[in-house]
Amino acid sequence: MSSANLTYAVYAAIAALWVLWIVFTFARRNRYVTADGVAARLMRGPIARWVVWASWAFVGWHLFVRGRGAFE
Amino acid sequence: MTEHTETARRSRRVSWRTAAVGAAVAAALGYSWVASGLRPFTHPAAVAVSIPLVATGVVLLRSRPRAGDATEAPRRGWWVWVALFAALMASELISYRLSPRIDHPTLSSIADAIMSTHPGRFAMFAAWLAVGYWLFRR
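Protein chains in written order, with my numbering: chain X, 1 to 72; chain Y, 73 to 210.
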């Protein structure tokens, strides 16, 4: 397996685990913290909410303004 | 007031709300289509991304963090969220440190491949807006 395929496989495995955990916690939301619960908890913190905003801003700026190769 | 009148008023309220949500979604999709058609590294692209950033920043400034009912919220599974986030960040950083990029793709280079067409770029922009709405609506 090439390095690229291995990296794609790792990303795919992590993405699959994310989806499974989101679905699992939603199905058992009275016992487990859901994605919505994580977001709500983060947005309750006076500093954490700005960290979340800055992270979201970074992603948007990096993907749509700086474009391809901005950090290469 | 009769029960019939109250039911009619309630259904009118629901249909107004449905129309408003539909209009907001259509506006967000239209905005995403226009914004995703702009070239990176240009002022129009910077403005198109800045508008939602400023809007959400104002929302955050005007709202106060809610204390919430942390005692009633379930606490199980926090470590899994942290572990999943750490795994994603670790694989991203490992790929970022290695080269060439074609052998060690990062999330950004994968996103670049998806965004090489206008529909792909539109889908990414709309998803970014949707995540922003999901995060900052509370």
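Some hints here could point you the wrong way.
Claimed, not checked - Rough simulated footprint, nothing fancy, chain Y against chain X, three-plus residues with beta-carbon under 8 Å:
| no. | stretch |
| --- | --- |
| 1 | 3-16 |
| 2 | 21-32 |
| 3 | 46-58 |
These are calculated hints, taken from the structure and not from any lab test. Beta carbons are placed, not taken as given, at the ideal position from N, Cα and C, and that holds for glycine.
- Query: Counting residues of the stretch 3-16 of chain X with a beta carbon closer than 8 Å to any beta carbon of chain Y, are there 3 or more?
  - Reply: It holds: at least three residues are needed, and the stretch 3-16 of chain X offers 7 whose Cβ sits within less than 8 Å of chain Y.
- Query: Are there three or more residues in the stretch 21-32 of chain X whose C-beta lies within less than 8 Å of some C-beta in chain Y?
  - Reply: holds (count 6)
- Between the stretch 46-58 of chain X and chain Y, see if three or more residues pass the 8 Å beta-carbon test, and mark the coverage as holds or violated. holds (count 7)
In summary, the structure agrees with every hint in the numbered list given earlier.
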